[in-house]
Amino acid sequence: MRRFIRKRSDKAGLSPGTAIFVGEKKVDKVTIEIMDYDETQITETEAANIEECFPFKDQPTVTWINIDGLHEVDIIDKLGHHFGLHPLLIEDILNTEQRPKMEETENYIFFVLKMIQINEDDHQITTEQVSVVLGSNFVISLQERKGDVFEPVRERIRKSKWRIRKLGSDYLAYALLDAIVDNYFIVLENIGEQIEDTEQQLTDNPTREVLSRIRNLKKDMIYLRKSIWPLRELISGIQRIESSLIQESTGVYFKDVYDHTIQIIDTVESYRDTISGMLDIYLSSISNKMNEVMKVLTIFASIFIPLTFVAGIYGMNFENMPELKWGWGYFGLLGIMLVIVIVLFIYFRRKKWL
Amino acid sequence: MRRFIRKRSDKAGLSPGTAIFVGEKKVDKVTIEIMDYDETQITETEAANIEECFPFKDQPTVTWINIDGLHEVDIIDKLGHHFGLHPLLIEDILNTEQRPKMEETENYIFFVLKMIQINEDDHQITTEQVSVVLGSNFVISLQERKGDVFEPVRERIRKSKWRIRKLGSDYLAYALLDAIVDNYFIVLENIGEQIEDTEQQLTDNPTREVLSRIRNLKKDMIYLRKSIWPLRELISGIQRIESSLIQESTGVYFKDVYDHTIQIIDTVESYRDTISGMLDIYLSSISNKMNEVMKVLTIFASIFIPLTFVAGIYGMNFENMPELKWGWGYFGLLGIMLVIVIVLFIYFRRKKWL
Amino acid sequence: MRRFIRKRSDKAGLSPGTAIFVGEKKVDKVTIEIMDYDETQITETEAANIEECFPFKDQPTVTWINIDGLHEVDIIDKLGHHFGLHPLLIEDILNTEQRPKMEETENYIFFVLKMIQINEDDHQITTEQVSVVLGSNFVISLQERKGDVFEPVRERIRKSKWRIRKLGSDYLAYALLDAIVDNYFIVLENIGEQIEDTEQQLTDNPTREVLSRIRNLKKDMIYLRKSIWPLRELISGIQRIESSLIQESTGVYFKDVYDHTIQIIDTVESYRDTISGMLDIYLSSISNKMNEVMKVLTIFASIFIPLTFVAGIYGMNFENMPELKWGWGYFGLLGIMLVIVIVLFIYFRRKKWL
Amino acid sequence: MRRFIRKRSDKAGLSPGTAIFVGEKKVDKVTIEIMDYDETQITETEAANIEECFPFKDQPTVTWINIDGLHEVDIIDKLGHHFGLHPLLIEDILNTEQRPKMEETENYIFFVLKMIQINEDDHQITTEQVSVVLGSNFVISLQERKGDVFEPVRERIRKSKWRIRKLGSDYLAYALLDAIVDNYFIVLENIGEQIEDTEQQLTDNPTREVLSRIRNLKKDMIYLRKSIWPLRELISGIQRIESSLIQESTGVYFKDVYDHTIQIIDTVESYRDTISGMLDIYLSSISNKMNEVMKVLTIFASIFIPLTFVAGIYGMNFENMPELKWGWGYFGLLGIMLVIVIVLFIYFRRKKWL
Amino acid sequence: MRRFIRKRSDKAGLSPGTAIFVGEKKVDKVTIEIMDYDETQITETEAANIEECFPFKDQPTVTWINIDGLHEVDIIDKLGHHFGLHPLLIEDILNTEQRPKMEETENYIFFVLKMIQINEDDHQITTEQVSVVLGSNFVISLQERKGDVFEPVRERIRKSKWRIRKLGSDYLAYALLDAIVDNYFIVLENIGEQIEDTEQQLTDNPTREVLSRIRNLKKDMIYLRKSIWPLRELISGIQRIESSLIQESTGVYFKDVYDHTIQIIDTVESYRDTISGMLDIYLSSISNKMNEVMKVLTIFASIFIPLTFVAGIYGMNFENMPELKWGWGYFGLLGIMLVIVIVLFIYFRRKKWL
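Those protein sequences? They're chains A, B, C, D and E, same order as listed.
For the first sequence, the numbering used here assigns the number 3 to the initial residue and increments by one for each residue that follows.
For the second sequence, the numbering used here assigns the number 3 to the initial residue and increments by one for each residue that follows.
For the third sequence, the numbering used here assigns the number 3 to the initial residue and increments by one for each residue that follows.
For the fourth sequence, the numbering used here assigns the number 3 to the initial residue and increments by one for each residue that follows.
For the fifth sequence, the numbering used here assigns the number 3 to the initial residue and increments by one for each residue that follows.
Please note: incorrect hints may appear among the correct ones.
Because identical chains cannot be distinguished in the list, a pair is counted as satisfied if it fits within a single copy or across any two copies.
[To be verified] Under the rule of at most 30 Å between Cα atoms (straight-line distance), these lysine-lysine pairs were calculated in the DSBU-like manner: (1) LYS59 - LYS31; (2) LYS291 - LYS354; (3) LYS257 - LYS59; (4) LYS221 - LYS291; (5) LYS80 - LYS161; (6) LYS80 - LYS257; (7) LYS59 - LYS148; (8) LYS163 - LYS80; (9) LYS257 - LYS103; (10) LYS228 - LYS28; (11) LYS257 - LYS228; (12) LYS27 - LYS257; (13) LYS80 - LYS31.
No lab work stands behind these hints, which were simulated from the structure alone.
Please model the entire structure based on the sequences and the hints provided.
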């Protein structure tokens, strides 16, 4: 649960726009990577301090500043000041519990969203907040820790053959967004496999463990849903922007990533449906199993209790019980008992309990 | 589950517009069929290579190029290049996990949707992605494998008497769309029959197998819903297009196919309602059955346990038990037992358990 | 289920606008009735062939042509041709699985909807498709079989005192629509009574039969809902029409019938709520009954099993069992048993099981 | 159920605008009360016949004509005729199954809604239809029976100190509406108390009676919802009217009553949620109780059935059973039995069944 | 339940705009605090009577008048009169059951909302109604009792370094709104922890107490939802205001608090989903437990009942029972019994009941 809102309360009552880091510190040292490129050249550097980034603001080449680690408020503060970010946006960057959203000003477009990754082994979903600032010739991305889904984008930038080198900062921002959204597909695919597995288990052997898997899947869906619906608004918002920051030719790419988001939402909703159906199936499986148990009990009890009664009759010590003296009494009684068993057997067969 | 998103992840991180086939290879060889017709003549050829199609782009006659098999990326790429398709659209054609959608440009209208077929025997639903490009005097359709629902359309083209020969490429595109949508009715009809069967079984003998049928029907519905809702958007989008590619007189036909889609959606929603009701019925059937079982057990146990106790009493070995010496003691006791049975019988009768 | 879509598949792949009858043939012979009236005079004739209707198209009097039976495609085709109906509309008339809808052209307004009737005895709902074509001075109504809900309208036309004789064809069309919608109230009223009955049964004696009644009611609701929601769109569509075919003074009547439709929808939704609540009640009734059964079993077993054990003790054949030789041993034991019974009785009483 | 639609069917097929009373006759004699006032004077009379009301139509003072009893169609008809009401509105007034709605014409605003009252003792909700006609200087209210929620309004009119005496007929209409809506709060408050009571019972002792209370509450909610949602439309409609009949200064009062309606809707929805939660709680309470019962049975049976078996062993009549001859055999066996009991006791304790 | 609508009924029928206190008296004495500040100076006083506040209305400095305690109607009435509030607003202030809402007039913006606080120990949620009147250079806040969430705001005002001292009354109103909304996060965080705890308990030991916790959480959610949805409308309404009272630069802050509200709504909806899932889990846990109980019973009964029957056979007193005379009969029978036990044991093992 706590993953829904965490540490938020530390901030309650503070002045809005106060730069305070809200979240877990996930990395020791803040790293600042700078990629600066145009169609002909590219330089990649790791900056020792934030001031090294400042000159790139006014260069004509496209610059991508990537910052891993948000806990050193000072760095972000300086960066924000230099690049002219509104204090409320700096607050948003530092608050890792932010709802995905997009803000547009005259000089930049800002969006914040969740980068989601799944561990292949234990199916644990980890999320990280990524803030992106798109300026006229720079893109700043801010992440909570090292390690991201942007490696393929970096590769494409490094090789001159790709389109990305020829296009502006808006295409770079799109490429980052696209990389994040594409990763949702991988997560959903993994969850899809889990659902399949769980369904198989549900059919084969519906144990308690299945119930807890269903519950976990359900929670994952609630969480994904909470991340993906605002993402849709965000991207649809970017599409509607009429800003000189986004060139018309890039619009079609944002539409493409929007379509992907819709497809993710469709899939999440389908999964929700499927998972909620699984709980019903589980419940009826338990009922079915109890039925089984009851039938076994009923059959055993219904056959042997009457027989025991009959045996009890002839275990009585009345002096005058003529049957006891009949020579074939015992064997006759065994025969009668056999008949009773057969009759009951047929009866249960008819009821399809056997 | 995996049928919702499959192989999608292979693409994550690639540059958008990269022509890569995403999906299962469902056919060995790519086939290219060309139908070229106007009101007076018709030629039907199977092209050996994609270049044969290129001249038709600029001929005044209506040309229908149908391609079965998408795995040879090269062919699609060349085709797209010649007919001027945007790289993102080529990517959409090759990605068989595409969500149904429609794109409009100055020179063509593109739409992609799911062709759905049901196997009469095992009720397995198979889907295939169909992309359609509508140009001013040509229609290109791209499918995953041979075998489709377009045969009646081909027949109508071959015979000169039908309207289709007199009308343009927009009517042909409509005819293909209509053929695909009409097939949804067949699938729904088949599912409707399955639902009827399952309901019958539910009344007669609600076994575990029924549960698994209900589950399968539910999944089919989730899947159909996921296909059909975007289809509605797609067709409604086509209706709203103000393009010279679609003549005003064809508009009424697109409205007709739109009405059909709405009817399909209505039916899918009704089926969903019905199926979700069936699960409730199933659950209460199980409970009813358990009630039955419990009643049998309770009746048997409640009748014979007291009797066995009574027999147990007179099986005790106390020296001073006067009843044992009474000559009619045994028979008297049997009478008393009979009375107990009758009383309990009446009691259960009153409770309507017998 | 099949009543949702039936025979639709026979048509799949045919050219749109092909006049083919889709549905059950519900009447042997097609009947054509003509009512022609103005404020001063009225003539009622049964036409021998469809051509007899044609002259009325251009007469100033209001003419109501009512056709029962749709299977003779030829008749409908000729009619459509003479009165200038679009081929797609003729197809809609002949396809009895049509979704209620309204089409407007320059010369006529067309609407198709479901006439619904309920059998008072077996509560079976029967539906029939009615198509209505409203022209400037004529109304054509097409039904699947003889027998309809229009009799009161005919009566009003026959008697000169009613307003209907003074007003135009738009009022006649309204009167037919109103008659159909009013009949939905009768059906709902009947269903309301069934719901009341079933609720009573649910309280008194929740048997399996109740479950099947609930299921049937639920299905009826799904079906009604599917008919009534499009009806609302239809009527709201007519209200919005700005056509010379509908006079302004008639508008208020269409608003009235629209209000009725809304009220029907409200009622259907309330019924759905009520019915879905009944299933929950049923389920808890079953559980309650099982509780009852279990209590009886538990009480019987818990009282007599310990007693039987005690009796079993003194039925053992140990040589050294001093109690057996005590003169009052037997009666003492009976007393102890009585005490056990009383203690258990009090225990169960406390638990409120008795 | 029947309270949803009643007697509606009597009208089916009649000409619209036919003045026919639909509903129960709830009062013997029709009463007509007239209040005529302006800032300085007030007269209150009970009219012997409807004609007495007619002169007030054209007087400058504000006149409130209140009619209790709708079954004398003639009276309503004459009234309608004199005050220029459309025949369809007269039909609406007389049809007590009307859905709350508002109609605006040039000369008057008409609205019809449900006045709701709850009996404090048996929590029975009674409804009555109230129609209100607001003209330029008169308000006509028509009710089904004597006794209403307007008494405080009358009091305010009688005392000259209140604002109502200084304001026009629109304020009077508002005051009536406000009185009716305020009464919904009282009903909801009462239901709120019932819900609290029922929740308490649910915790203390979930009997069958609780189930039937939940069911009744649920039905009340369905009914209230059906009344209150159209009421919201009605009032929101009045707010949007741009008519000279409603002065601008009165608008804020209508907004106020609109806010109240929203609050009522919120509360109804919250109650629905709460009530539907109660059914789930009830179901799990039953399951819990069954669990209890089962545990008692299982403990009794599991302890005494093995013991009875052991006793049964030594009740056998084999000639060669050495234990029977051991002097301490009987007491040893009793000891073993005690050990068995203790072991089982510990076992059930561990399982937390004891 | 009563917390939804309380004491509302006391007012029914009164003239609207009547100043009557509706609610619980939560404080003995009304306190009036005045903070008056501009960038350079600040004065803080506690007013002895309401008249002391009046001069501040026309001073250029920003004045915050905070009133704790609403039961002295007279004070509020005078205040309202002096500051020109509409009688209906005074009624809203005094009615502590008001739905959150916003009203705009020419001279002030009025909003009323719920301040929510949670007790850390018993997780009891307490709410208090806060009304805020924003004028051109003053803000009046009215609360039900002393103690609020505004302390940090006061601190910020006292210290000159904060932005709040430099900005106008609109920013102060925003700061109050923000403080209230921020507190919702704290409440949600606390509830999130409760949900986590309850889930843990649900897994470990699903007792009845868990059910009651789930129920309480559910109720909290219903209540929060009822408060937060109107809050969203309220803030979105403020954003849309085009009033000189709100400066453009403050708009971005209102957007920020709006975003927070959306995030709260998202979280509430996620929690609702999670909680409703917990009930399903609880239900299946109970079923699972019952299954456990049934299995124990069935195993005990199925093993010992047949054995007891066998023992019963040889406890019969027939004269001619040859087995009884066999020397090894007794031990042979014990052996057979052992075999039966082993067979049944294997059988239950196979069924995975052991």
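* Out of the numbered hints, which ones does the structure contradict? -> none
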